[in-house]
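Residue numbers (this note's numbering), protein chains in the order written: chain W, 1 to 325; chain Z, 326 to 648.
Rather than coming from a laboratory, the hints here were simulated on the basis of the structure.
Small disclaimer: the values here were computed from a predicted structure and weren't measured.
A hint or two may mislead.
[Stated by the list, open to error] With a straight-line cut-off of 30 Å between C-alpha atoms, the simulated DSSO-like cross-links for lysine-lysine are:
(1) Z:Lys-644 to W:Lys-194
(2) Z:Lys-420 to W:Lys-110
(3) W:Lys-279 to Z:Lys-644
(4) W:Lys-252 to W:Lys-194
(5) Z:Lys-496 to W:Lys-20
(6) W:Lys-320 to W:Lys-294
(7) W:Lys-325 to W:Lys-279
(8) W:Lys-320 to W:Lys-252
(9) W:Lys-279 to W:Lys-221
(10) Z:Lys-496 to W:Lys-110
[As the list claims (entries may be wrong)] Computed from the model, here is a short list of chain Z residues facing chain W with C-beta under 8 Å:
(11) Ser-425
(12) His-433
(13) Thr-456
(14) Ala-458
(15) Leu-460
(16) Ala-461
(17) Gly-483
(18) Leu-491
(19) Leu-529
(20) Met-533
(21) Val-583
(22) Lys-587
(23) Val-646
(24) Ala-648
All residues carry an ideal CB built from backbone N, CA and C; glycine is no exception.
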Amino acid sequence: MPEITYREAVRDALGAVMRKDEDVFIMGEDIAEMGGSMGVTQGLLEEFGAERVRNTPISEMAIVGAGIGAAMAGMRPVVEIMYEDFLTLSLEQIVNQAAKHRYMSGGQIKVPLTIRTQGGAGWSPGAQHAQQLEAWLVHIPGLKVAFPSTPEDVRGMLWSSIYDDNPVIFFEHRLLYPVKGDVPEEIEPIPLGKARVMREGTDVTVIATGPLVHRSLDAAKAAEDDGISVEVIDPRTLQPLDEDALVESVKKTNRVVVAHEAVTRMGFGAEVAAVLQYKAFDYLDAPIERVGAKFAPLAFAPVMEQFVVPHAEDVHAAIKRTVGK
Amino acid sequence: MAKVEKKRALNEERLRDFLREMLLIRRFEERVEERFRAGELPGFLHVAIGQEAVAVGVCQAMEEGDIFASTHRAHGHTLARGSHPNNVMAELYGKLEGISHGYGGSMHLYDIERGNYGANAVIGGGLPAVTGAGLAFKLRDEPRVAVAFFGDGATNIGTFHESLNLAQLWKTKTVFVCENNHWAESTPGWQHSPVWDDMSKRALAYDMRAIKVDGQDVEAVYEAAHEALEHARGGDGPVFLDVETYRMHGHYIGDPQVYRTKEDRENAANHDPIERLRDKLGLADDDFQSFDREATEIVDGALEFAKNGTDPQPEDALKNVYA
Numbered sequence: 001m002p003e004i005t006y007r008e009a010v011r012d013a014l015g016a017v018m019r020k021d022e023d024v025f026i027m028g029e030d031i032a033e034m035g036g037s038m039g040v041t042q043g044l045l046e047e048f049g050a051e052r053v054r055n056t057p058i059s060e061m062a063i064v065g066a067g068i069g070a071a072m073a074g075m076r077p078v079v080e081i082m083y084e085d086f087l088t089l090s091l092e093q094i095v096n097q098a099a100k101h102r103y104m105s106g107g108q109i110k111v112p113l114t115i116r117t118q119g120g121a122g123w124s125p126g127a128q129h130a131q132q133l134e135a136w137l138v139h140i141p142g143l144k145v146a147f148p149s150t151p152e153d154v155r156g157m158l159w160s161s162i163y164d165d166n167p168v169i170f171f172e173h174r175l176l177y178p179v180k181g182d183v184p185e186e187i188e189p190i191p192l193g194k195a196r197v198m199r200e201g202t203d204v205t206v207i208a209t210g211p212l213v214h215r216s217l218d219a220a221k222a223a224e225d226d227g228i229s230v231e232v233i234d235p236r237t238l239q240p241l242d243e244d245a246l247v248e249s250v251k252k253t254n255r256v257v258v259a260h261e262a263v264t265r266m267g268f269g270a271e272v273a274a275v276l277q278y279k280a281f282d283y284l285d286a287p288i289e290r291v292g293a294k295f296a297p298l299a300f301a302p303v304m305e306q307f308v309v310p311h312a313e314d315v316h317a318a319i320k321r322t323v324g325k
Numbered sequence: 326m327a328k329v330e331k332k333r334a335l336n337e338e339r340l341r342d343f344l345r346e347m348l349l350i351r352r353f354e355e356r357v358e359e360r361f362r363a364g365e366l367p368g369f370l371h372v373a374i375g376q377e378a379v380a381v382g383v384c385q386a387m388e389e390g391d392i393f394a395s396t397h398r399a400h401g402h403t404l405a406r407g408s409h410p411n412n413v414m415a416e417l418y419g420k421l422e423g424i425s426h427g428y429g430g431s432m433h434l435y436d437i438e439r440g441n442y443g444a445n446a447v448i449g450g451g452l453p454a455v456t457g458a459g460l461a462f463k464l465r466d467e468p469r470v471a472v473a474f475f476g477d478g479a480t481n482i483g484t485f486h487e488s489l490n491l492a493q494l495w496k497t498k499t500v501f502v503c504e505n506n507h508w509a510e511s512t513p514g515w516q517h518s519p520v521w522d523d524m525s526k527r528a529l530a531y532d533m534r535a536i537k538v539d540g541q542d543v544e545a546v547y548e549a550a551h552e553a554l555e556h557a558r559g560g561d562g563p564v565f566l567d568v569e570t571y572r573m574h575g576h577y578i579g580d581p582q583v584y585r586t587k588e589d590r591e592n593a594a595n596h597d598p599i600e601r602l603r604d605k606l607g608l609a610d611d612d613f614q615s616f617d618r619e620a621t622e623i624v625d626g627a628l629e630f631a632k633n634g635t636d637p638q639p640e641d642a643l644k645n646v647y648a
C-alpha cells in the first residue's frame, strides 16, 4: 500500500476522475497555474489544459452558480472555494439554488455538483480564514456534506462525491493536507453516509470529525494509561449521517464524547448528541460530553487562537468526565 | 450598439401565431388574477401583463435544446416556450399534474423537457446557472444557448455582475434578457440605478455586446433575440438584450400601487403590445375576436383541468429532496 498525503489524495482523485470522464472539470480561484492556494491542484493544468482546469475571477456566487448550471446541463463540475469562510459569499447559490432545484422542479432535474473547500485553525490566519462552518450546511435539506479526515477517505469520498447526483459540500482541513496515510493502489470509492471506526474500544465512544479525529486518537492513547478503553468513530459524511453506526457503538460503550473543531454551541455535535439521547437513551450511563471551540471568533495571536480551539487534552478530559475520573 | 438586421422577416401567418400566443398569455394571467382574488390559489402571484411581447418574441426565437431560467414573473415565458397551459395552471393550484408537480408554484415553474430550468424567486438567482449552462454548451461544443430572463431590479445584485463578467470572459453561450419595465417592485428605475433608462450601459462595462429593443414590438423582439441567440450559438460570446417594456399591473396581484401615478399607469396601458400587433396586422375585429375566443377557451380548459387535478399527499413533501 502506498503512503501519500491528504493533499496528494485529493489531487489523485481529481486527476483520476478527469482522466476517466470528460464531463468533469474544475474551476476556482488560483487553481490553474498556481495549483490552488493550498497546492492541491498542482499539475492538473498541465495534464488537462485550461478548458478543464479553469481559473476564475474572485466571484464566489458565480463560481458556485456556474457549477450549478453546468451540472444541470449534464456535466459533473468540481468547484473550489478557497476558504470555507468565503462559502458565506456563495450561500445563496448553495442554499436556495443547488439544494432546491431538484425539489422545486418536482424531481425533474439533478445537480451533480461538488463544492470543495477547506478551513481550519492552528496557523494564526485570523478570524476570516479559519472557521469551521459545516453546521450551516448540514442544516439544509438537499445538500450532502462530507468531511473526511484521512488520505484514504478523502480520495475515495471525493470520487463518490463527484459521481453523486446531488450537490455535495466537500470539506477539507488546512492542517490535514500534509498528513500521510496508506491508500490502496487503485482508488476505491468510499460511499457517502458511512462512518468508520478508527479505533475500537469498550468504555467510551468518541465521535469526532476532521482534525479532531486525530486529536481524539491521541486522547484515546492517553486514556489507555488511565485504564479507559476508547472507541473513536469518524462519521466522515455529516449529511447523511450514519446514525446506526454511532448508536451501535454507544450501545457497547454507554458513554459518549462528541468532538469537532467548530464552535461547540449549536454545532454539529449538538445534533449527534440529540440523535443518541433519543435512539440510545437507555444505554447511556453519563451525560454526553461535547468538545469544540469556545464561543469566540478566532483571534490572531497564537496564544489566544490556541485557547479557543479544542486539543487532544480537551478530548482526554471529556473522556475522563464521562467515566467519573 | 448593434443594429438589428432584418434578415428573418416574419410572414403574416407567423405574426398571427405570435398574437394568438400573446393573447393566450394575457387571458391566462387575467384568469389567474381573478382566481387569486377569489381566494382559490395559495401563495402569492406576479403577473407580467404588458410584457407578453418579450416572452413570445424571445421564446419563439429559441431553438429546440436551448434552455432558459426565468423570474418570479414566469407564466409568460413558460407558456411561450410551449408548456401546456393545463399543466401550468395545475401548478398554480398545487396539483400533481402541475409542471413542477406541486413542489414549485408560480415562482418555481420548471419544465426541463422544454428547456425551462426554473423560474427563480431570488432576484438574479438564476443568472450564474445560465452562465454555467452556457459554459457547458461551449465545453461540449453543443449548438445550444442558455437564456436568462431578469428585470431591471436584478441589475444591482451581485450575481448579475459576477455572471456578466464571467460569461463575457469565457465567451459562454448565453443570452441575458433584461426586461426593463422600470420598476423594481415599488421602486422606480430612477431610484435604483444611475443607468435606469439605458441598461445596455451595464453590458458595455463588461465589454459585452448589447442589443437594445422595443419590448412592446414582438417582431422587433423576435429579430433581436434571434440575432443574439445566433451570436451566442456560434461561439462569439454572450449578448445582452436590453428590452424596454411596461408592467401594466402591480408587482403582485392585489398590489394597490400607491407608489405609482395615474399618468404612469395610463402610459403603460397605452403601450399594450397586443394592441400594437393587432394594429400592425390590421386585423379585422372578427378575426381578433376569434383569436380571443380561442385563447379564452384554452384558459377555460386549463382551469377545469387544474381544479380537477390530484392533490399531493402530505408525505409527498419528503420526496425529491435527494436524487
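* Asked: Close enough to count: is the Cβ of Z:Val-583 nearer than 8 Å to one in chain W?
  -> violated, 30 Å
* To do: Would you check whether Z:Met-533 satisfies its interface hint, that is, whether its CB is within less than 8 Å of any CB in chain W?
  => Check failed: Cβ of Z:Met-533 comes no nearer than 14 Å to chain W, outside 8 Å.
* Satisfaction of the Z:Ser-425 interface hint, Cβ to chain W closer than 8 Å -> Constraint on Z:Ser-425 satisfied, holds at 5 Å.
* Asked: Taking only the CA atoms, is the gap from Z:Lys-496 to W:Lys-20 under or equal to 30 Å?
  -> Distance of about 26 Å is within 30 Å: holds.
* Would the pair Z:Lys-496 and W:Lys-110 pass a check requiring their Cα atoms to be no farther apart than 30 Å? -> holds, 25 Å
* Does W:Lys-221 lie within 30 Å of W:Lys-279 when you go C-alpha to C-alpha? -> Satisfied, since the Cα-Cα distance of roughly 28 Å is no more than 30 Å.
* Asked: Going straight from one Cα to the other, do W:Lys-252 and W:Lys-194 come out at no more than 30 Å?
  -> Holds - the C-alpha atoms of W:Lys-194 and W:Lys-252 are around 19 Å apart, at most 30 Å.
* Do the alpha carbons of Z:Lys-644 and W:Lys-194 lie within 30 Å of each other, as the hint requires? -> With a Cα-Cα distance of about 22 Å, the restraint between Z:Lys-644 and W:Lys-194 holds, given a limit of 30 Å.
* Does the structure keep Z:Lys-420 and W:Lys-110 at a Cα separation of 30 Å or less? -> Roughly 22 Å separates the two Cα atoms, so the pair holds.
* Interface hint status, Z:His-433 versus chain W (Cβ within 8 Å) -> Result: holds, 4 Å to nearest chain W Cβ.
* Asked: When you check the alpha-carbon spacing of W:Lys-320 and W:Lys-294, does it fall within 30 Å?
  -> Holds, because 20 Å separates the two Cα atoms, which is no more than 30 Å.
* To do: Assess, step by step, whether the Cα of W:Lys-325 is no farther than 30 Å from the Cα of W:Lys-279, and give holds or violated.
  => holds, 26 Å
In summary, the numbered hints that this structure violates are 19, 20, 21 and 22.
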